[in-house]
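Got chain A sorted already, so can you dock chains B, C and D onto it with the hints?
There are 4 protein chains.
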Amino acid sequence: MIAPDYGKTFALWREGAAGAWQDYTRHAFVEGLRDGSLPREAFVQYLIQDYVFLVHFSRAWSLAVVKSEALEEMKVCAATVDALVNHEMSLHVSVCATEGIDEATLFNATEAVENLAYTRYVLDAGLQGDFLDLMAALAPCVMGYGEIGLRLAESKAPDTPYADWINTYADPGYQSVCASVGSMIDGAVARRIGDLATSPRVNALQDRFSMATTLEVGFWQMGLNTQ
Amino acid sequence: MIAPDYGKTFALWREGAAGAWQDYTRHAFVEGLRDGSLPREAFVQYLIQDYVFLVHFSRAWSLAVVKSEALEEMKVCAATVDALVNHEMSLHVSVCATEGIDEATLFNATEAVENLAYTRYVLDAGLQGDFLDLMAALAPCVMGYGEIGLRLAESKAPDTPYADWINTYADPGYQSVCASVGSMIDGAVARRIGDLATSPRVNALQDRFSMATTLEVGFWQMGLNTQ
Amino acid sequence: MIAPDYGKTFALWREGAAGAWQDYTRHAFVEGLRDGSLPREAFVQYLIQDYVFLVHFSRAWSLAVVKSEALEEMKVCAATVDALVNHEMSLHVSVCATEGIDEATLFNATEAVENLAYTRYVLDAGLQGDFLDLMAALAPCVMGYGEIGLRLAESKAPDTPYADWINTYADPGYQSVCASVGSMIDGAVARRIGDLATSPRVNALQDRFSMATTLEVGFWQMGLNTQ
Amino acid sequence: MIAPDYGKTFALWREGAAGAWQDYTRHAFVEGLRDGSLPREAFVQYLIQDYVFLVHFSRAWSLAVVKSEALEEMKVCAATVDALVNHEMSLHVSVCATEGIDEATLFNATEAVENLAYTRYVLDAGLQGDFLDLMAALAPCVMGYGEIGLRLAESKAPDTPYADWINTYADPGYQSVCASVGSMIDGAVARRIGDLATSPRVNALQDRFSMATTLEVGFWQMGLNTQ
Numbered sequence: 000m001i002a003p004d005y006g007k008t009f010a011l012w013r014e015g016a017a018g019a020w021q022d023y024t025r026h027a028f029v030e031g032l033r034d035g036s037l038p039r040e041a042f043v044q045y046l047i048q049d050y051v052f053l054v055h056f057s058r059a060w061s062l063a064v065v066k067s068e069a070l071e072e073m074k075v076c077a078a079t080v081d082a083l084v085n086h087e088m089s090l091h092v093s094v095c096a097t098e099g100i101d102e103a104t105l106f107n108a109t110e111a112v113e114n115l116a117y118t119r120y121v122l123d124a125g126l127q128g129d130f131l132d133l134m135a136a137l138a139p140c141v142m143g144y145g146e147i148g149l150r151l152a153e154s155k156a157p158d159t160p161y162a163d164w165i166n167t168y169a170d171p172g173y174q175s176v177c178a179s180v181g182s183m184i185d186g187a188v189a190r191r192i193g194d195l196a197t198s199p200r201v202n203a204l205q206d207r208f209s210m211a212t213t214l215e216v217g218f219w220q221m222g223l224n225t226q
Numbered sequence: 000m001i002a003p004d005y006g007k008t009f010a011l012w013r014e015g016a017a018g019a020w021q022d023y024t025r026h027a028f029v030e031g032l033r034d035g036s037l038p039r040e041a042f043v044q045y046l047i048q049d050y051v052f053l054v055h056f057s058r059a060w061s062l063a064v065v066k067s068e069a070l071e072e073m074k075v076c077a078a079t080v081d082a083l084v085n086h087e088m089s090l091h092v093s094v095c096a097t098e099g100i101d102e103a104t105l106f107n108a109t110e111a112v113e114n115l116a117y118t119r120y121v122l123d124a125g126l127q128g129d130f131l132d133l134m135a136a137l138a139p140c141v142m143g144y145g146e147i148g149l150r151l152a153e154s155k156a157p158d159t160p161y162a163d164w165i166n167t168y169a170d171p172g173y174q175s176v177c178a179s180v181g182s183m184i185d186g187a188v189a190r191r192i193g194d195l196a197t198s199p200r201v202n203a204l205q206d207r208f209s210m211a212t213t214l215e216v217g218f219w220q221m222g223l224n225t226q
Numbered sequence: 000m001i002a003p004d005y006g007k008t009f010a011l012w013r014e015g016a017a018g019a020w021q022d023y024t025r026h027a028f029v030e031g032l033r034d035g036s037l038p039r040e041a042f043v044q045y046l047i048q049d050y051v052f053l054v055h056f057s058r059a060w061s062l063a064v065v066k067s068e069a070l071e072e073m074k075v076c077a078a079t080v081d082a083l084v085n086h087e088m089s090l091h092v093s094v095c096a097t098e099g100i101d102e103a104t105l106f107n108a109t110e111a112v113e114n115l116a117y118t119r120y121v122l123d124a125g126l127q128g129d130f131l132d133l134m135a136a137l138a139p140c141v142m143g144y145g146e147i148g149l150r151l152a153e154s155k156a157p158d159t160p161y162a163d164w165i166n167t168y169a170d171p172g173y174q175s176v177c178a179s180v181g182s183m184i185d186g187a188v189a190r191r192i193g194d195l196a197t198s199p200r201v202n203a204l205q206d207r208f209s210m211a212t213t214l215e216v217g218f219w220q221m222g223l224n225t226q
Numbered sequence: 000m001i002a003p004d005y006g007k008t009f010a011l012w013r014e015g016a017a018g019a020w021q022d023y024t025r026h027a028f029v030e031g032l033r034d035g036s037l038p039r040e041a042f043v044q045y046l047i048q049d050y051v052f053l054v055h056f057s058r059a060w061s062l063a064v065v066k067s068e069a070l071e072e073m074k075v076c077a078a079t080v081d082a083l084v085n086h087e088m089s090l091h092v093s094v095c096a097t098e099g100i101d102e103a104t105l106f107n108a109t110e111a112v113e114n115l116a117y118t119r120y121v122l123d124a125g126l127q128g129d130f131l132d133l134m135a136a137l138a139p140c141v142m143g144y145g146e147i148g149l150r151l152a153e154s155k156a157p158d159t160p161y162a163d164w165i166n167t168y169a170d171p172g173y174q175s176v177c178a179s180v181g182s183m184i185d186g187a188v189a190r191r192i193g194d195l196a197t198s199p200r201v202n203a204l205q206d207r208f209s210m211a212t213t214l215e216v217g218f219w220q221m222g223l224n225t226q
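Protein chains in written order, with numbering that gives the first Met the number 0: chain A, 0 to 226; chain B, 0 to 226; chain C, 0 to 226; chain D, 0 to 226.
Here chain A stands alone, though its shape is the one from the complex (with noise of 0.2 Å):
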């Protein structure tokens, strides 16, 4: 399957993470969600965690509304946290609500190092630095569930029970969530730097994303651990 596009920033560090994309991509517990095999058990543990991550997510996606420098940044990250607050976070409360977890229940979860490591990173990543550095730490889970909802689409099992989360990720709204966000980093690596590939800031930039994609390794590995 050809990479999506979404921009040629994210092109970029797609390719400089190499390994750790894939790590991510094609974990263990995305191939149990694709042929139908993950237990059920995890998947809920999975989306328990997952819940708290959005909670922590959207708090970054609201610090990068405080960073934006560009009516532009600022539009589509507003329009980020809305969609994660009111629209993603939804699809982990009606499903955990058929396992009889309430929202209260999940907004308190104890998080799992694994998890609490990934976003904490994130939203230091715009402490530290800039809108830039908070992008490429942002981009990986945005972008790779779009990348692996589109490949799970097409490759899935007829009677797998997760066609509904492989669909929230395959649905052209999220991927045009995806690609909005892709250009957005695109023009704000244009406003900043110019040309990414010849910055000082390259190896710095490409760091952040390539941390926050291992990170995303520990996440699916968390979620086959606890099955």
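Source of the hints: derived by calculation from the structure; they are not laboratory data. Worth double-checking, as some hints may not be accurate.
Identical copies look the same in the list; a pair holds intra-copy or inter-copy alike.
[As the list claims (entries may be wrong)] No farther apart than 16 Å at their CA atoms in a straight line, the calculated lysine to aspartate or glutamate pairs in the EDC-like style are these: (1) Lys74 - Glu102; (2) Lys74 - Glu87; (3) Lys7 - Glu110; (4) Lys7 - Glu68; (5) Lys155 - Glu87; (6) Lys7 - Asp194; (7) Lys155 - Glu30; (8) Lys7 - Asp170; (9) Lys74 - Glu40; (10) Lys155 - Asp34; (11) Lys155 - Glu72; (12) Lys155 - Glu40; (13) Lys74 - Asp185; (14) Lys155 - Asp170.
Remember, predicted model here, so these are calculated numbers, not experimental data.
Coordinates of chains B, C and D only, in the frame set by chain A:
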């Protein structure tokens, strides 16, 4: 006119700000909107500054999402960011468009020092303190405009050219924002403090609210001075 | 051994962390320092990670200066940054230099996830909450090392090669840092809360302290796992 | 007088600020310090405001430690916090003590809006942008006072009562702070941008420096207005 009911914390803070609250909500600029005597040029200059104000005020509400510690806080603040970026700012854009001023010009307008002082004070309240410090600094603008809108809707001159502005804030939609923000602040106080009046923080939070109110007075004055 | 007197807030938090505090201060890694059985390689790998830890821990203490609201808070936190950057980190630099590892290598070492999780959690406690949220997350490291240093100074094997490390934290200079931080925290609680035990914040602050303590356990375990 | 050598980035920013830099460094308040004509009362009121300025300016330099990405950056910024909190602020405390104003009174003095506007703008530059955005906003105060100190030391009236103030900033110790900050900024530019003059960020960083310079002019003017 009775003060509108925007929660008990707001009522306490409003009373504590005393003269400054009167200076703000009954400023000569406000009276000029009410009776229509405010020169158009002053209004347009005010709108330009207020647009830039809203950019940074949206950043401050986004910082409130970053600082949320309860689901209700996160949802109300994220909704407020959306209301600001996607609705309130649009009023400014459309009015300024009729004057031949486009949104890019608004976004890049040079801030007056009275404007800059206010929004950066609010943002720093969030950086230095907790969610409540930020709320105390955000409340005067949100609720003061609600109170001004209600009063002016009842008492405005029939031919004031500023009826649209007045209706924006008298509108039930805006009033329900004030009520839900006020209720959410009451919850945030209960969650962190309990009884505000007997808390060691009572003075520090009042100082935040009162300083932001004083900065509102300066903002109106700046609007008058540009005519 | 009686717990050292680092203030009444610390005493409350330490008691509230219960088992986690024991797991941290009596971890097998600590016992290996005491009796000298810890392999040199594990110690060096720990020092490298701990150097990077101190970089971000210094950033967190600097954030505490940003969040100070009293002169005493600002002075104690600024002095702690100075002690960390100009003294405690020097110990790591000199020991690592004897192993042929220079400071630039230390500064750029890749962080283990257990390391990153801890410091970014602390930094985010400061971004999300107020000065006390940050203090609750900073205290376990500062005071735990003080308590470990005191206990090991009394009970260490005469020939442990880790006497310098132990003395660094048993040293009256380090002990007085713990005492002054503890006293400053008591003042910060009085200034913002009054009686902590009956405050609505008691659980949230305990959770910060307990989570940081748990992350300390993970840090020692990482040190053991690298041998 | 030749501009002092505080690095090539500062030289570029200083030139870019043009008239505002002149207005700041040759303000009537500065001339009053030089020839001794500044009324004592104006000087004392200025010192009170400047003490509160230094509180928040120290917070901003601490934020610079939080935002450091290189060892040199961290060390220079931590040393600057120490110099501000433990040295420069002491001058204010001792002068004000002779006027019967103690340090607690200074710490709690109400900020003039010109004062508040400046420090909160600087702090927000750090929250919104990266280390360089913060440096561009911090530089005018640090280096401008160095330049003023040098010029006034050469040209001051023999009997000006403000010789101590002038010597504080003409002092080789303060001059070496300016030189090391300037050199560190040059390194920070090399690390993140390369050639500043051809970078897409050149205007945004100049705007930060120029706005902070303009806010310095307002600060002097506030000092004059209180006489």
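The hints, checked one at a time:
1. In this homomeric assembly, Lys74 and Glu102 come within 16 Å of each other (Cα to Cα) only across copies, at 13 Å, whereas the closest approach inside a single copy is 28 Å.
2. Only between protomers do Lys74 and Glu87 lie at most 16 Å apart by alpha-carbon distance; the minimum there is 13 Å, versus 18 Å within a single protomer.
3. Taking the closest pair of Cα atoms, Lys7 and Glu110 never come within 16 Å of each other, the shortest separation being 34 Å inside a single copy and 28 Å across copies.
4. In the homo-oligomer, the alpha carbons of Lys7 and Glu68 never lie at most 16 Å apart, since the shortest distance is 21 Å inside one protomer and 26 Å across protomers.
5. For a Cα distance limit of 16 Å, the shortest separation of Lys155 from Glu87 qualifies neither inside one copy, at 21 Å, nor across copies, at 44 Å.
6. In this homomeric assembly, Lys7 and Asp194 come within 16 Å of each other (Cα to Cα) only inside a single copy, at 11 Å, whereas the closest approach across copies is 24 Å.
7. Proximity of Lys155 to Glu30 under the C-alpha cut-off of 16 Å is restricted to the intra-copy arrangement: shortest distance 9 Å within a copy versus 51 Å between copies.
8. Taking the shortest alpha-carbon separations for Lys7 and Asp170, neither the intra-copy value of 22 Å nor the inter-copy value of 44 Å comes in at or below 16 Å.
9. Taking the shortest Cα distances, Lys74 and Glu40 never come within 16 Å of each other, neither inside one copy (38 Å) nor across copies (29 Å).
10. Taking CA atoms no more than 16 Å apart as the test, Lys155 paired with Asp34 passes inside one copy only; the shortest distance there is 6 Å, against 56 Å between copies.
11. In this assembly of identical chains, the alpha carbons of Lys155 and Glu72 never lie at most 16 Å apart, being 35 Å within a copy and 38 Å across copies at closest.
12. For the homomeric pair Lys155 and Glu40, neither the shortest alpha-carbon distance inside one copy (20 Å) nor that between copies (47 Å) is at most 16 Å.
13. Taking identical chains as interchangeable, the C-alpha atoms of Lys74 and Asp185 lie at most 16 Å apart only when both belong to the same chain, with a minimum of 15 Å there against 29 Å between chains.
14. Proximity of Lys155 and Asp170 under a CA criterion of 16 Å is satisfied intra-copy only: 15 Å inside one chain copy versus 50 Å between copies.
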